[in-house]
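K.L.:
Whole structure, please, built from the sequences with the hints as guidance.
2 protein chains.
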Amino acid sequence: MKIAVDIMSGERSPEILIKGAVEAANKLDITAILVGEKNIIEQALKTYNYRKDKITFVHSSEVITMNEIPTIAIKQKPNASVFVAARLVKDGLADAFVSPGNTGATFAAAFLNLGRLKGVSRPAILGVMPKVSDKFTVILDVGANPECKPIHLVQFAAMGEAYASTVLGIDSPRIGLLSNGTELSKGTDITQRTYKILKKLPVNFIGYIEGRDIFSDEVDVAVCDGFTGNIVLKALEGVGKALLNILKSEINKSALSKLGAIFMMKSFNKIRKKVDYSEYGGAPLIGIDGTCIVTHGSSNDKEIMNGIKVASQMLNYQLNKMISNKLKEYHISKMHWFHREKIS
Amino acid sequence: MKIAVDIMSGERSPEILIKGAVEAANKLDITAILVGEKNIIEQALKTYNYRKDKITFVHSSEVITMNEIPTIAIKQKPNASVFVAARLVKDGLADAFVSPGNTGATFAAAFLNLGRLKGVSRPAILGVMPKVSDKFTVILDVGANPECKPIHLVQFAAMGEAYASTVLGIDSPRIGLLSNGTELSKGTDITQRTYKILKKLPVNFIGYIEGRDIFSDEVDVAVCDGFTGNIVLKALEGVGKALLNILKSEINKSALSKLGAIFMMKSFNKIRKKVDYSEYGGAPLIGIDGTCIVTHGSSNDKEIMNGIKVASQMLNYQLNKMISNKLKEYHISKMHWFHREKIS
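Line by line, the protein sequences give chains B and C.
The working numbering applies: residue 393 is where the first sequence begins, and numbers increase by one.
The working numbering applies: residue 393 is where the second sequence begins, and numbers increase by one.
Treat each hint with caution, since some may be false.
As the list makes no split between identical chains, a pair holds if one copy fits it or if it spans any two.
[Claimed, not checked] Subject to a maximum C-alpha distance of 20 Å in a straight line, what follows is the list of computed EDC-like cross-link-like pairs (lysine to aspartate or glutamate):
#, residue 1, residue 2
1, K592, E460
2, K523, E629
3, K444, E629
4, K444, E403
5, K701, E721
6, K541, D581
7, K633, E610
8, K662, E610
9, K578, E539
10, K467, E575
11, K633, D609
12, K527, E629
13, K446, E575
14, K523, E642
15, K645, D526
16, K588, E539
17, K720, D421
18, K438, E403
Hints were generated in silico from the structure; no laboratory data involved.
P.N.:
What follows is the structure in structure tokens.
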């Protein structure tokens with residue numbers, strides 16, 4: 393299994409990202425194709441131990457920075473690392489690609505080169521939220537589609553269900569539709585129509601869920617539009633960081649607290665690991681006819697390694713085939729009338 | 393200043409809520425009018441010390457429970473405590489009311505009895521999020537209006553600005569529009585049109601903000617529709633609780649951690665106080681032609697006391713007058729064309 397890794401994008405140095413790819417190649421049954429500046433790659437590889445047959449590279453010297461606008465970047469830098477990585481998949485030279493990046497550019501690279509999976513109207517970005525007892529909630533879309541119609545949300549449910557049942561190993565995942573309350577009268581016109589469709593489909597749909605339910609053990613897949621999902625995901629990342637900062641500043645205020653913190657180091661590390669998004673290997677672009685992961689711009693070696701791991705899991709489980717089957721099961725691709733008609 | 397307190401609603405006992413009202417009456421320059429079952433109130437008051445001229449009551453034996461549907465409850469229980477409390481304000485017998493409640497029922501009670509403030513199309517629910525350095529971000533709407541037009545969001549900005557500058561004492565509050573990214577190309581059709589209007593108004597508008605910015609010191613007022621705001625607020629409450637639970641279970645796993653936790657008790661208490669929403673006194677229903685606070689259904693005495701305190705601050709600062717002035721300044725009430733026209 394060959395996974396192309398864009399080591400030029402993101403906010404960290406290529407060396408850090410190469411380190412993550414080398415670790416993945418050493419640990420997993422994959423070959424990493426590093427995509428980036430030849431000289432940097434050759435120099436960095438000298439400092440790592442790795443099996444030569446499991447690391448290869450493709451030169452690309454251009455980079456899409458975090459602040460570039462995807463639609464402009466595509467025209468100005470067609471040979472940027474993220475586009476080269478996507479084309480390796482398109483040309484059958486790689487099975488998946490991972491980029492720590494400008495999410496819009498990565499999405500555009502995947503969408504334009506690999507296209508949509510059959511039956512999917514709108515590919516989405518899938519987020520995984522940690523909760524208690526080493527469990528997770530899948531949330532999608534977290535950014536690709538700010539405005540969605542019911543059919544898009546229904547397809548997100550199918551894709552989230554497939555991901556939860558394969559990669560996360562959850563039996564008959566419980567699907568919830570994010571809303572501002574659990575009563576049927578809540579939500580928007582779009583969520584109310586989506587609710588009625590999901591109720592009729594062969595899916596474990598538990599109805600509306602609220603923001604707090606994302607962390608409860610009541611739901612496995614939270615479905616929402618990309619506007620809401622993106623704001624929620626970023627707010628949660630923000631509050632995690634804010635709480636850790638408050639804790640740090642409180643600890644430093646007294647010697648007793650500092651001593652207490654040393655005694656609690658093991659507990660703190662477990663919690664830090666839980667709120668540390670680099671543990672979860674980024675976000676799959678789901679619904680793309682190919683396998684592609686976008687990790688945080690701030691990704692370190694660990695997040696890149698985990699991103700590669702998630703990509704290999706998606707391939708091993710044949711997630712895309714599973715999604716296609718799910719959509720057939722839902723008969724969604726035929727439901728063109730969703731676009732025109734309200735379901736009574 | 394007379395504040396009616398609905399002591400029958402919510403999930404806690406009336407006695408707890410009466411305790412909060414008594415504490416507020418003892419500490420603040422207000423008179424509390426307890427609204428609820430006569431016998432319960434008389435019995436409870438025997439156990440507290442209070443000045444007799446600062447506590448009075450009005451009998452109401454009916455309650456709207458947390459799960460009742462507001463539109464049905466209004467018809468079936470017109471004399472429920474929350475409606476009686478709202479009518480006291482309508483009839484000029486109280487200056488404000490506080491209810492720990494079914495938010496929908498409280499909103500309906502306020503809206504139907506007190507109406508909208510002149511120039512306000514849609515009253516909203518205002519949330520206050522704690523962040524580092526004892527600062528706060530105002531976020532609205534957090535639930536009253538799942539679907540909003542640009543004019544509604546612009547009015548939320550005006551109301552949030554007035555609240556932040558008076559009750560929170562922030563000089564020239566920075567207004568941000570919540571979106572799925574800071575670039576102009578992000579957001580929905582609605583947020584993009586709102587953006588253009590806010591840019592033209594005499595307001596300290598800093599543009600789009602992301603979910604994580606709610607906790608940064610870059611913004612004072614986060615504007616969004618009630619669907620998004622409600623989901624974000626509840627997700628944040630959920631994650632705070634989840635993290636505290638994880639911490640508790642980690643601490644109990646080792647004797648050393650338990651000892652460390654004792655040493656850190658003071659730090660933990662400060663953090664708990666920070667994430668404890670009962671410290672912030674509930675959510676004002678803003679844009680109502682009157683003063684009304686809805687606190688959490690799970691409100692304890694402390695949250696009721698703080699809710700009464702916030703109501704008294706809103707009255708002292710003449711917040712509603714300030715909002716009317718802001719809206720005049722924005723010329724919003726005349727901008728009927730917002731409804732019909734996209735702003736170029």
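K.L.:
Each hint: holds or not?
P.N.:
Results of checking the hints against the structure:
no., hint, verdict
1, K592 / E460, "neither (43 Å within a copy, 26 Å between copies)"
2, K523 / E629, "both (13 Å within a copy, 14 Å between copies)"
3, K444 / E629, "neither (38 Å within a copy, 49 Å between copies)"
4, K444 / E403, "neither (27 Å within a copy, 65 Å between copies)"
5, K701 / E721, "neither (29 Å within a copy, 56 Å between copies)"
6, K541 / D581, "both (10 Å within a copy, 14 Å between copies)"
7, K633 / E610, "between (26 Å within a copy, 15 Å between copies)"
8, K662 / E610, "neither (23 Å within a copy, 30 Å between copies)"
9, K578 / E539, "both (18 Å within a copy, 11 Å between copies)"
10, K467 / E575, "between (47 Å within a copy, 19 Å between copies)"
11, K633 / D609, "between (23 Å within a copy, 13 Å between copies)"
12, K527 / E629, "both (17 Å within a copy, 19 Å between copies)"
13, K446 / E575, "neither (53 Å within a copy, 39 Å between copies)"
14, K523 / E642, "between (25 Å within a copy, 14 Å between copies)"
15, K645 / D526, "between (32 Å within a copy, 16 Å between copies)"
16, K588 / E539, "both (19 Å within a copy, 19 Å between copies)"
17, K720 / D421, "neither (31 Å within a copy, 66 Å between copies)"
18, K438 / E403, "neither (23 Å within a copy, 65 Å between copies)"
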